[in-house]
Each structure stands twice: as C-alpha cells, then as structure tokens.
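S.K.: In case you want the letters, here they are:
Protein chains: 4
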Amino acid sequence: MKNTFGQHLAVTLFGESHGPAIGVVLDGLCPGLPVEEEAVAAALALRRPAGDTATARVEPDRFEIVSGVFEGKTTGTPLCLIIPNENTRSGDYQRGPVRPGHADFAAFAKYGGYEDYRGGGHFSGRITAALVAAGGLAASFLAPAGVQAGSHIYRCGPYCDAPFLNPAAELPLVANNPFPLLRRELEEPIKERIRAARAAGDSVGGVVETAVVGLPAGVGEPWFDTVEGLLSHALFSVPAVKGVEFGDGFAAAERMGSEVNDPLRLVNGRPQPITNHNGGVNGGITNGLPVVFRCAVKPTPSIARVQQTVDLLTGQETDLQIGGRHDPAIFHRACAVINAVTILTVYDLLCGRFGTDFLRGGAAWNTV
Amino acid sequence: MKNTFGQHLAVTLFGESHGPAIGVVLDGLCPGLPVEEEAVAAALALRRPAGDTATARVEPDRFEIVSGVFEGKTTGTPLCLIIPNENTRSGDYQRGPVRPGHADFAAFAKYGGYEDYRGGGHFSGRITAALVAAGGLAASFLAPAGVQAGSHIYRCGPYCDAPFLNPAAELPLVANNPFPLLRRELEEPIKERIRAARAAGDSVGGVVETAVVGLPAGVGEPWFDTVEGLLSHALFSVPAVKGVEFGDGFAAAERMGSEVNDPLRLVNGRPQPITNHNGGVNGGITNGLPVVFRCAVKPTPSIARVQQTVDLLTGQETDLQIGGRHDPAIFHRACAVINAVTILTVYDLLCGRFGTDFLRGGAAWNTV
Amino acid sequence: MKNTFGQHLAVTLFGESHGPAIGVVLDGLCPGLPVEEEAVAAALALRRPAGDTATARVEPDRFEIVSGVFEGKTTGTPLCLIIPNENTRSGDYQRGPVRPGHADFAAFAKYGGYEDYRGGGHFSGRITAALVAAGGLAASFLAPAGVQAGSHIYRCGPYCDAPFLNPAAELPLVANNPFPLLRRELEEPIKERIRAARAAGDSVGGVVETAVVGLPAGVGEPWFDTVEGLLSHALFSVPAVKGVEFGDGFAAAERMGSEVNDPLRLVNGRPQPITNHNGGVNGGITNGLPVVFRCAVKPTPSIARVQQTVDLLTGQETDLQIGGRHDPAIFHRACAVINAVTILTVYDLLCGRFGTDFLRGGAAWNTV
Amino acid sequence: MKNTFGQHLAVTLFGESHGPAIGVVLDGLCPGLPVEEEAVAAALALRRPAGDTATARVEPDRFEIVSGVFEGKTTGTPLCLIIPNENTRSGDYQRGPVRPGHADFAAFAKYGGYEDYRGGGHFSGRITAALVAAGGLAASFLAPAGVQAGSHIYRCGPYCDAPFLNPAAELPLVANNPFPLLRRELEEPIKERIRAARAAGDSVGGVVETAVVGLPAGVGEPWFDTVEGLLSHALFSVPAVKGVEFGDGFAAAERMGSEVNDPLRLVNGRPQPITNHNGGVNGGITNGLPVVFRCAVKPTPSIARVQQTVDLLTGQETDLQIGGRHDPAIFHRACAVINAVTILTVYDLLCGRFGTDFLRGGAAWNTV
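Just so you know, the protein sequences line up as chains A, B, C and D, in that order. In terms of the working numbering, the first sequence opens at residue 1 and continues consecutively. In terms of the working numbering, the second sequence opens at residue 1 and continues consecutively. In terms of the working numbering, the third sequence opens at residue 1 and continues consecutively. In terms of the working numbering, the fourth sequence opens at residue 1 and continues consecutively.
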C-alpha cells in the first residue's frame with residue numbers, strides 16, 4: 001500500500017519538501033474524540049529544528065485540518081491535515097550530483113528521473129512533520145486511556161543514557177523535551193559532539209530508545225503482524241533509521257537463556273513477567289509490560305565535506321560539496337518522529353483488537 | 001492481515017505444533033515456473049534439527065503440494081503445501097505453568113485460554129517448516145533470474161564470523177550448510193559453546209547475517225513499504241528474532257556521516273555506490289548493491305533450569321523445570337527460516353514493481 | 001489480494017477441480033467458538049448436486065479440519081479445512097476447444113496456458129465446496145448472536161417467487177432446502193423448465209434473493225467499504241453471478257423518490273425505517289433493517305448443444321459438443337454458495353466494527 | 001481500508017460537504033505521466049450541476065494539486081488534489097429530522113452523532129468531485145494506451161437508450177456530454193420527466209450503462225478479485241447506486257445457456273468471442289472484449305414532498321419537508337462519477353498485472 005500504513009487506522013502521507021504543501025490523512029479514528037490543535041502544535045514543536053545542533057531552515061509548521069473534525073471532535077471520517085511549505089529555498093537544490101547516503105540515486109532508479117529532487121522531495125525529513133502532527137493527535141486520543149509513548153537519546157558515540165527501567169515513571173521526565181535524556185548531564189557533551197561534527201563538516205548518529213506504557217497483554221499476532229513486525233515496518237520509514245531492536249535485542253546474542261527469559265510472579269494477584277528482557281512482547285504479542293525498543297539512527301547524510309559521487313546529468317564522476325541548510329545530527333529530532341510512528345501503530349493495533357470505537361465511552365480493554 | 005504476508009505474493013500460514021498438519025498457501029506466483037520438490041526438501045533439510053546442538057524431535061517433513069501445480073509447473077493459482085505432523089508427543093506438554101520467555105502468557109491473554117498450548121501450538125517453531133518450504137520454492141523460482149539470499153552465523157557470544165563483503169562470491173560458501181559460517185574454524189568453538197549451555201541446562205543466542213544479491217536498483221517505497229520495513233515486518237515473525245539492522249545498523253550510531261555515506265563511482269559505466277554501509281537500501285529503496293542485514297536471535301527460551309513462573313491452572317506461583325525435547329540454540333536453524341522469509345519478501349517486492357508475470361520468459365528488469 | 005477475501009476474517013481459497021484437494025483457510029476467527037462439524041456437513045449437503053436437475057458427479061465432500069481447532073473450539077489461529085477430491089474423471093477433459101461462456105479463454109490469456117484446465121481447474125464450481133464449508137462454520141458462529149443469512153430462488157424464466165417481506169419469519173421457511181422457494185408450488189414448474197433445458201441440450205439461469213437478519217445499524221463504511229460494495233465484491237466470485245442489486249435495485253430506475261425513500265417511525269421507542277426499498281443499507285451503512293439483495297445467475301455455460309469455438313491447441317476454428325457431467329441449472333445450488341459468501345462477509349464487517357473477539361461472551365453490539 | 005480503494009493505485013478520499021475542503025490522494029501512479037489540469041477540469045465540468053435538471057448549488061470546483069507532480073509530470077509519489085468548498089450554505093442544514101432514503105440515520109448509528117451532518121457531510125455527493133477529478137487524471141493517463149471508459153443514460157422510466165454494441169465507436173458519441181445518450185432524441189423526454197418530478201416535489205431514478213475498451217484479455221482474478229467484484233466494490237460507493245450488472249446481467253436469468261454463451265471465432269487470426277453477453281468478463285477475468293456493465297441509480301432521496309420521519313434531537317416522530325438546493329435526478333451526473341470509479345479501478349487492475357511502471361515508455365501488454 002506504499003504511502004499508507006495501518007490496517008485499522010490508515011495513515012496516508014503526501015507531499016514534497018519544496019512543493020506547495022505536505023499532509024496526512026488519518027482514516028479509522030473513533031468518532032467523538034476531542035481534537036486539540038495544541039497537541040499537534042506541541043508535537044510539531046518538538047520536531048522543529050532549534051539551536052546550533054540543527055538545520056537553519058525553520059518552518060513555522062502552520063497546519064490546517066480540512067476534514068474529519070466537527071464541532072471540535074473527530075467525526076470518524078478521514079481527517080486530513082495539511083501543512084503548507086513556506087520557507088523553501090529551492091535554489092539551493094538542483095538535479096546533478098547524487099548525494100551519497102541519501103535516497104537520490106535509489107529514487108532516480110525507481111522513478112526514472114521524474115522524482116522531485118528538490119530538497120529530497122518526497123524523501124525529505126520535511127514529510128515527517130505531517131507524521132508528527134498525526135502522531136500528536138493520536139497521542140492525545142490515547143493518553144486518557146493510559147496509553148503513552150516516549151523516547152530519549154540512548155546513545156551517541158561514547159555517551160550512553162540510562163535505559164528505561166520503569167517507563168511509567170520515566171516517560172514524564174523525557175516528555176516535551178527537544179533533547180530528551182534521562183541523564184541530563186549528558187546533554188552538553190552530546191551537543192558538543194554534534195557541534196564538533198558540524199565544525200568538521202561532518203555529522204553524527206545515535207540510538208533512540210522508546211517505551212510504550214498502558215498496552216494490555218494480548219495485542220498483536222503470531223504471524224506476521226507481530227507487535228515487533230508492525231512497529232519495525234513503520235519505524236524503518238523514519239529517515240535514517242537503520243536498525244530496530246526490542247528488549248535485550250542484539251545483546252541477547254551474547255546472553256544465556258536463563259538471563260533473557262523473564263520470570264513471572266503474581267503482581268496484585270495477576271501473573272506478570274517481573275523483568276523485561278523481551279521488551280514487552282512474546283511470540284509477537286504484548287505481555288502487559290511496557291513495550292521497549294531502540295532505533296539506530298545513522299548520521300545525517302548531508303555533510304559539508306567533499307564527497308566522491310556521480311553527476312546524473314552529465315553521467316560523469318565528480319566531487320560534491322553540499323551547501324544549503326542541514327542538520328549535523330537528527331537522532332534527537334527523530335525522537336518526535338519515532339514517537340509519532342509508534343503511537344499511530346499502537347492505535348492501529350488496539351483498533352484491530354477492540355474495534356473501531358474502542359475509545360468511545362472510556363476504554364476498558366483489560367484482557368487477562 | 002494476521003497470518004498472511006505479502007501484497008503481491010501472499011503467504012498464508014496455518015497449523016499447530018501438535019495438530020494434524022501445518023501448511024502454507026502461496027498466492028500470486030507467476031505461472032509456468034518449474035516446481036522442484038527437491039528444492040523444498042533441501043530447504044527443509046537445512047531447517048531440520050540434527051546432531052547434538054539441536055532438539056531430539058526430528059520430523060521427516062514429508063510434504064504434499066495439493067494445489068497450484070499442474071504438469072510440474074506453477075499454474076498461477078494458489079499453491080497449498082501441507083506437512084503432516086508425525087512425530088508428536090503431546091504428553092510432554094500440558095496447560096499449566098507459563099514457560100518464561102515463551103509466548104504462553106501472551107497467547108493466553110490474547111486467546112483467552114482457547115489456544116492449543118501443546119508444544120507452543122501455532123507459536124511453535126514447527127510452523128516455520130511450512131515457511132521454509134515456501135521459501136525453498138520461491139528461491140528456486142528466483143535463482144534463474146540471479147536473485148539469491150543466504151545467511152550465516154555472524155556472532156555467538158565472543159565468536160564473530162567475517163561479515164559479508166562480497167556476497168555474490170560468499171553466498172555459495174554458506175549455502176546448503178546447516179551450520180553456515182564464513183570462518184569455518186569457528187564451527188567447533190561455537191558448537192562447544194552450545195553444548196556447554198545444554199550441559200548447564202541453559203541455552204545461547206546469536207546473530208545471523210543475511211545478504212540478497214541480484215536485486216535491481218529502484219525497488220521498494222519511501223513511505224511505508226520500505227525494503228527495510230517489509231523485510232523487518234516479516235523477519236520479526238521468525239521465532240526468537242528480537243532485532244534487525246541493515247548495513248552498519250547500530251554501529252552507525254557511533255560513526256560520522258563521512259564514514260557511513262557510500263561514495264558513488266562509475267562501475268562498468270554506470271553509477272554505483274562503492275561501499276555498502278547502507279546495506280543496499282537508501283530512502284527505503286534498493287540502490288543496486290546487495291541488501292545486507294543482521295538479525296538478533298535470542299537464546300531458546302526452553303531451558304532445563306528451574307525457573308520462577310505462575311501456573312495458569314491454579315493461579316499460583318510455582319517453579320518450573322521444562323522437560324521434553326528442545327534446542328539449546330536455534331540461531332543456526334533460524335538461518336533457513338530467515339532465508340525463507342527474506343526470499344518470499346523479495347519475491348513480493350519484485351512482483352509489485354514488475355507485475356505478476358515478472359518471471360515469465362526470463363526477467364529483464366534492470367532499471368538504471 | 002487475489003484468492004483472499006476479508007480484512008478482519010480473511011478467507012483464502014485453494015485447489016483445482018481435479019487436483020488432490022481443495023480447501024480454505026479462515027484467519028481471524030474469535031477464539032472459543034464451538035466447532036460443529038455437522039454445521040459444515042449440512043451446508044455442504046445443500047450445495048451437493050442431487051436429483052435430475054444437477055450434474056451426475058457427486059462428491060462425498062469428506063472434509064478435515066487440520067488446524068485452528070482445539071478441544072472442539074476455535075483457537076483464534078487460522079483454521080484450515082481440506083476437502084479431498086475423490087470422484088474425479090479427468091479423462092472427460094482435455095486442453096483443446098475453448099468452452100464458450102466458461103473461463104477457459106480468459107484463463108488461457110491470464111495464465112499463458114499453464115492453468116490446470118481439467119474440469120475448469122481453479123475456476124471450477126467445485127472450489128465453492130470449500131467456500132460453503134467455511135460459510136457453514138461462520139453461520140454456526142453467528143447464529144447464537146441472532147445473525148442469519150438465507151436465500152431462495154427468486155426468479156427463473158417466467159416464474160417469480162414472492163420477495164422477502166419479513167425475512168426473520170421467512171428465513172426458516174427456506175433454510176436447509178436444496179431448492180428453496182417461498183412459493184413451494186413453483187418447485188415443480190421450475191424443475192420442469194430445468195429438465196426441458198437439459199433435454200434440449202441447453203441450460204437455464206435464474207435470480208436468487210438473499211436476506212441477512214440481525215445486523216445492527218451502523219455497520220459498513222461510506223467510501224469504499226460499503227456493505228453493498230463488500231458483499232458484491234465477494235458475490236461476483238460465485239460462479240455465474242452476473243448482477244447484484246440491493247433493495248429495489250434496478251426497479252428503482254423506474255420509480256420516484258417518494259416511492260423509494262423509506263419513511264421512519266418509532267418502533268419500540270427507537271427510530272426505524274418502516275419500509276425496506278433500500279435493502280437495509282443507506283450510504284453504504286446498515287440501517288438496522290434486514291439486508292436484502294438479489295443475484296443474477298446466468299445459465300450454466302456447459303451445454304450439450306454444438307457450439308462454435310476455437311481450439312487452442314490447433315489454433316483453428318472448430319465446433320464443440322461438451323460431454324461429461326454438468327448441471328443444466330446452478331442457481332438453486334448457488335443459494336448455498338451465496339449464503340456462504342454472505343455470512344463470511346457479514347462476519348468480516350462485524351469483526352471490523354467490534355473487534356476480533358466480538359463473539360466472545362455473547363455479542364452485545366447494539367449501536368443505536 | 002475504509003476510505004481507500006485500490007491495491008496498486010490507492011485512492012483515498014477525504015472531506016465533508018460543508019467543511020473547508022474535499023480532496024483525494026492518488027498513490028501508485030506511474031512516474032513521468034503528463035498532468036493536464038484541463039483533463040481534471042473537463043471531468044469536473046461534466047459532474048457539475050447545470051440547467052433545470054440539477055441542484056442550484058454550483059461549485060466552481062477550483063482545485064489544487066499539492067503534491068506528486070513536478071515539472072508537469074507525475075513523480076510517482078502520492079498526488080494530492082484539493083478542492084476547497086466555496087459555495088456552502090450550512091444554514092440550510094441542521095441536525096434534526098432524519099431525511100428518508102439518505103444516510104442520516106445509518107451515519108448516526110455508526111458515528112454516534114459525531115458525524116458532520118451538514119449537507120450529508122462525508123456522505124455528500126459533493127465528495128464525488130474529488131473522485132471525478134482523480135478519474136479525470138487517470139483517464140488522461142490511460143487514453144494514450146487505448147484504454148477508455150464512458151457511460152450513457154441507459155434507462156429512465158419508460159425511456160430506453162440503445163445499448164452499447166460497438167463501444168469503441170460509440171464512446172466518442174457520449175463523451176464530454178453532461179446528458180449522454182446514444183439516442184439523442186430521448187434527451188428532451190427524459191429531461192421533461194425530470195422537470196415533472198421536480199414540479200411534483202419528487203425525483204426520478206435511472207440506469208447508466210458503461211463500457212471500457214482497450215483492456216487486454218487476462219486481467220482480473222478468479223477468487224475474489226474478479227473484474228466484476230472489484231468494479232462493483234467501487235461502484236457501490238457512488239451515491240444512489242443500488243445495483244450493478246455485467247453483460248446480460250439480470251436478463252440472463254430468463255435466457256438459455258445457448259443464448260448467453262459467447263461463441264468464439266478467429267478475428268485477425270486470434271481467438272475472440274464474437275458476441276458479448278458476458279460483458280467482457282469470464283471467470284472474473286477479461287476476455288478481450290469491451291467490459292460492459294449497468295448501474296441502477298435510485299431517485300435522489302432529497303425531495304420536497306412531506307415525508308414521515310423521526311427527529312433525532314427530540315426523539316419524536318415528525319413530518320419533514322426538505323428545503324435547500326437539490327437534484328431532482330442524479331443519474332446523468334452519476335455518469336461522470338461512474339466513469340471516474342471505473343477508470344481508477346481499471347488502472348489498478350492493469351497496474352497489478354503489469355507492474356507500477358506499466359505506462360512508462362508506451363504500454364505493450366498484449367497477453368494472447
């Protein structure tokens with residue numbers, strides 16, 4: 001289905017970086033949910049570049065909801081949200097040398113040269129603004145039911161944040177922060193690493209950790225629509241994400257079964273795993289613990305250093321030095337996008353399990 | 001769509017570990033492809049447990065193709081392949097204590113206790129036999145077009161195999177080997193590690209690396225059906241897979257953009273990236289290089305050690321010591337399943353791009 | 001998705017008329033539903049040819065459920081039901097002259113000659129046995145919740161049965177009857193018409209009317225997954241169906257708005273349309289009245305008369321006289337297939353609206 | 001998937017009659033197709049009400065394409081087209097009495113009263129403007145490949161137009177006509193019938209016949225994605241359509257097999273049916289002849305006559321006399337919508353068969 005994701009809550013993205021507008025259609029929302037434009041604005045603000053660790057292109061991200069809302073509430077019919085592109089400087093871009101690490105060459109192969117190459121076109125991180133807006137809405141819909149998602153910078157070079165151990169308590173600590181960390185003392189060293197990369201005409205990558213709390217046990221499918229499978233399917237759309245791991249993830253490869261299995265005990269009289277090495281998912285299905293995963297975010301491919309490449313116009317090898325406005329790191333901004341993708345997927349999962357109106361009249365979906 | 005995967009080649013799985021049979025329906029195959037039962041048998045043989053590093057339950061994996069084949073060739077209508085369960089010892093299993101690390105508790109929450117719990121039921125690794133059979137067929141269909149997938153054990157504890165550097169040359173080295181390694185000298189140490197785990201009533205995990213060669217540039221979608229997204233969606237169905245990374249993956253988090261961007265040069269007169277830090281995918285779309293990724297496979301959850309858990313029958317906390325026949329490691333057997341899932345996803349991607357009959361009369365799909 | 005139908009309850013068909021077996025996979029069933037094999041057998045019995053108005057090929061329709069059922073109840077995982085083909089006489093069939101009115105030529109164009117042409121292969125009415133078996137199960141699952149579907153012969157040549165006026169009362173009158181009519185006095189004249197057609201080496205068509213009772217108001221979507229759209233999508237798969245109309249259908253083209261609009265009154269204190277010219281659906285969504293529609297079933301294309309055609313083997317024009325065993329009419333047998341397709345679609349609709357477990361613990365889905 | 005239709009070309013609709021805008025997202029278009037805004041404008045003009053046989057609400061249907069087009073050609077990424085609502089008079093509408101024959105009551109049951117009821121909201125015929133715009137584009141893309149769809153008024157009350165007999169020659173006769181008829185002499189009598197209905201505070205229905213030419217044989221699937229099934233699925237979304245029949249359709253119920261079977265002969269050396277009683281489809285798959293079908297369009301439900309209904313605000317029975325601006329007939333305007341839905345479905349079918357780029361470099365898809 002290409003640019004649409006979700007079987008029950010379908011998210012359709014459209015737009016190019018330097019076209020008139022980008023936007024999103026959300027289809028499958030429960031009717032009667034209060035639409036708070038502030039929730040959207042707040043989510044967009046977290047994604048917006050700011051300070052000296054980000055691109056100088058700042059979009060005001062004015063948005064308009066053109067359908068699906070009536071008298072301040074969702075109607076249950078498709079909600080289309082449009083964000084005009086205002087601060088475009090297309091002069092910075094022209095067809096020519098492929099930017100290494102970018103989608104330029106792959107897109108050329110796919111679209112035969114008809115793609116809008118300006119600023120990455122449909123591949124631009126700009127498109128994620130629409131995704132973040134949609135996620136902001138979904139998050140505001142799920143919050144009253146106790147379902148929340150949040151992310152923090154988990155690693156950047158040598159700097160490692162503390163992992164989520166008790167996400168219900170930790171999510172508020174990283175919410176609404178454009179540079180979310182559990183160990184605030186890492187903020188300056190990491191920013192310094194980013195600034196140093198920029199100064200060197202380079203960029204840096206990082207790892208983002210995400211947690212979802214409030215999901216009941218019993219959501220997801222064994223084959224193939226596992227919780228991990230659906231989330232990763234969506235997460236790999238977040239530009240620069242090159243890896244996704246749940247629970248112990250790759251570290252499990254060095255561990256013993258006795259270290260990775262989560263023992264169960266009765267908690268408040270109900271069975272529950274008491275460690276979370278499996279990231280809240282067994283056999284593709286939630287076990288009632290928080291869903292915890294990490295995404296690898298590669299360094300921004302747009303760097304100022306001279307790079308070897310090929311010019312698609314001339315068909316010749318050439319050197320490329322990228323100008324324009326770019327982020328020396330995007331993992332911190334990726335947190336907002338990862339949150340959005342996560343909460344939209346979670347909404348879809350719950351909707352599939354409990355029906356289209358699962359949020360009407362207060363959710364009561366405990367399964368065990 | 002739950003137990004179905006693939007928009008163009010739909011793979012539907014059915015069956016329980018201790019039911020009469022398991023099977024798979026493949027819908028969307030190009031008509032006229034020669035069906036070689038040996039290809040299925042060979043794929044199944046690689047998945048089958050063998051030696052002292054695997055479970056003692058050995059199924060003959062007799063299979064029958066009951067539809068979709070006529071006069072030795074695919075008809076283009078659904079191909080159903082059935083594998084009877086023959087060597088079942090249900091007495092080894094009964095409802096009771098949740099096995100930590102298994103799907104037991106999540107399945108109970110989802111299915112309300114109606115799930116077939118014997119041997120993991122529909123969650124059993126047994127089901128992957130049907131997947132491997134389907135993958136064996138798909139692999140035999142794609143091989144003449146030059147598209148191949150293969151995997152090797154990349155890591156187990158302290159032992160690291162060499163990474164794929166030139167997969168076209170390396171795939172034959174690991175093909176048809178139930179314990180695939182590029183550095184054969186690691187076989188004995190890794191097997192020894194597995195035996196030691198078994199002796200200790202424990203199990204070990206590992207990392208599997210996979211490569212796909214022969215894919216043209218320009219396959220995949222930017223949002224949301226990226227190559228990474230589709231592959232990971234399917235890969236997380238492989239039991240015990242808890243992480244998927246492409247190219248540099250999580251290592252990219254510690255690198256600079258200048259280290260991760262793949263420069264392009266003219267190769268045989270055509271533009272091509274000359275390193276593969278992005279695993280053959282940019283912006284969700286193939287760039288013409290081999291697609292390379294790694295899966296984290298957790299240690300088998302069935303271990304002989306005493307574990308803390310809860311008995312779902314009595315509702316009481318209890319200790320559990322798992323009997324029965326089990327693998328002390330499954331990452332090596334997972335290679336066959338990962339290959340199957342990979343090649344089925346690749347078939348689906350190619351079919352979406354080039355139409356249902358893309359393999360008829362010889363594939364000619366170069367895009368750049 | 002080709003041979004799969006249903007977004008929430010996915011029905012996958014496989015098999016050829018003269019292959020080893022046909023079958024169906026049902027994925028998305030609520031766990032815990034009692035599986036009554038008699039319900040399947042009864043549904044199959046209604047589809048089975050009988051008497052002198054049908055083909056002489058009679059299959060015993062032995063079936064086996066190989067997955068998805070445990071201790072007599074659905075597990076919630078895919079249920080695969082297989083029906084071996086036992087009474088095949090492939091010698092009756094061979095590649096050669098296209099049978100006019102059949103799928104032979106279209107199938108040849110699609111599958112390039114690789115299709116299993118024996119007895120129509122995957123296009124054979126034989127495949128509907130698997131569909132009917134699945135429908136029999138779904139019907140037994142929905143009946144306790146008050147949802148039922150049934151059909152009767154509405155028209156054959158000059159003979160018109162009474163329309164459904166009060167389906168809740170009329171459905172029992174046509175249930176479990178292989179030649180269902182509200183006006184029983186039409187049975188003999190219609191059968192006589194069928195016999196006369198056979199005697200003339202010809203065949204006859206008819207119209208089938210179907211009603212679904214027990215659906216709450218508010219099920220379906222405005223665009224594009226209307227109740228009419230989903231049902232017709234599935235119904236046109238029933239071999240020989242060439243038209244579908246809801247409520248007044250084509251007759252509405254000759255009527256005034258004042259004759260077709262259904263006035264509303266309070267019935268038991270709740271708003272309700274008091275006529276049913278719209279067939280229980282407005283704007284694609286159920287209005288709480290029975291869903292009523294009619295299917296046009298064309299005459300069986302296999303006739304004994306000499307027909308002009310082309311021989312695909314020789315590429316020459318030729319005359320064809322079809323031998324073998326055939327039905328001189330299928331509209332009466334189509335009732336069982338239409339019922340199956342209808343109830344499966346209804347299950348899917350309800351599941352999408354109320355979640356996967358909507359039948360657990362008694363359905364309580366009233367919406368107004 | 002609710003408001004999205006098409007597996008290969010996905011059409012997503014959004015908007016309400018009296019909201020800020022309506023629109024459509026087209027995802028899956030072949031890159032490099034010339035986008036002619038005149039094609040859209042011309043299609044919209046045919047849908048726009050005109051003269052005394054239509055509503056007095058006339059929208060200018062200004063539209064903007066905000067994505068998916070670059071330098072006048074499709075990029076292959078989602079094309080979003082937005083049509084602002086300009087001429088809205090919401091004062092004409094308020095929650096209250098259910099309008100009989102409309103979706104009001106069904107929508108209330110589905111959306112719990114949160115639906116935008118003004119002017120029918122998301123159920124309004126207004127939404128079809130976006131569909132028609134999308135169809136106009138798709139038609140312009142397919143025309144150079146020889147694939148065309150067109151419709152005419154087939155019946156209204158006692159007036160019957162000639163059926164399509166040679167659509168390739170007849171389609172130009174009915175193209176670009178807001179009141180398309182093969183027998184132009186019927187225009188005045190039918191318009192007079194419409195005017196008489198309006199004068200009587202009533203409305204009239206009709207039948208529309210549609211033909212698609214240029215489709216190769218071999219497109220479509222046997223189960224369940226038949227050509228008839230996919231088209232009808234989409235067609236029942238066209239407001240007021242209550243029946244769809246292919247070829248002889250319901251008339252086949254009164255005919256003999258020998259009258260309905262289409263004999264084959266060699267035409268230009270290739271096998272071809274020489275009559276078209278099956279409407280160009282056998283076994284769900286095109287046979288190379290034009291696809292011909294008819295849709296029943298019920299009388300407009302908005303009529304001036306007093307009608308019995310229930311007021312949802314008061315919960316009381318009441319009489320209703322509908323004011324505002326309405327069409328006394330919509331079957332003629334429905335032609336543009338049916339054409340749009342048809343050509344979009346045809347694009348989807350071709351794309352599934354021949355791949356996403358089937359229109360690049362000239363289509364060459366002959367299959368037999």
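Just so you know, these hints were derived from the structure itself, not from any lab. Keep in mind that a hint or two might mislead.
Copies of the same chain are indistinguishable here, so a pair counts whether it falls within one copy or spans any two.
[Unchecked claim] Derived lysine to any residue pairs resembling SDA-like cross-links, with alpha carbons at most 20 Å apart:
1. Lys73 to Pro158
2. Lys191 to Arg270
3. Lys73 to Ala143
4. Lys73 to Glu36
5. Lys191 to Glu254
6. Lys191 to Ile322
7. Lys73 to Thr275
8. Lys73 to Gly113
9. Lys73 to His18
10. Lys191 to Glu86
11. Lys73 to Leu165
12. Lys191 to Leu313
S.K.: A separate judgement is required for each hint: does it hold in the structure or not?
M.R.: Here is how each hint holds up against the structure:
1. When the C-alpha separation of Lys73 and Pro158 is checked against a cutoff of 20 Å, the pair qualifies neither within a copy, at 46 Å, nor between copies, at 47 Å.
2. Neither within a single protomer nor between protomers do Lys191 and Arg270 lie at most 20 Å apart by alpha-carbon distance, with minima of 44 Å and 40 Å respectively.
3. Proximity of Lys73 and Ala143 under a CA criterion of 20 Å is satisfied intra-copy only: 16 Å inside one chain copy versus 36 Å between copies.
4. In the homo-oligomer, the alpha carbons of Lys73 and Glu36 lie at most 20 Å apart inside one protomer (9 Å), although the nearest pairing across protomers, at 37 Å, exceeds that limit.
5. For a Cα distance limit of 20 Å, the shortest separation of Lys191 from Glu254 across copies, 14 Å, qualifies, whereas the shortest one inside one copy, 32 Å, does not.
6. In this homomeric assembly, Lys191 and Ile322 never come within 20 Å of each other (Cα to Cα): the closest approach is 22 Å inside a single copy and 50 Å across copies.
7. Taking the shortest alpha-carbon separations for Lys73 and Thr275, neither the intra-copy value of 40 Å nor the inter-copy value of 33 Å comes in at or below 20 Å.
8. Taking identical chains as interchangeable, the C-alpha atoms of Lys73 and Gly113 lie at most 20 Å apart only when they sit on different chains, with a minimum of 11 Å there against 43 Å within one chain.
9. In this assembly of identical chains, the alpha carbons of Lys73 and His18 lie at most 20 Å apart only when taken from different copies (15 Å versus 32 Å within one copy).
10. With identical chains, the CA atoms of Lys191 and Glu86 are never at most 20 Å apart, being 28 Å at best within one copy and 49 Å at best between copies.
11. Taking the shortest alpha-carbon separations for Lys73 and Leu165, neither the intra-copy value of 36 Å nor the inter-copy value of 40 Å comes in at or below 20 Å.
12. With identical chains, the CA atoms of Lys191 and Leu313 are never at most 20 Å apart, being 38 Å at best within one copy and 54 Å at best between copies.
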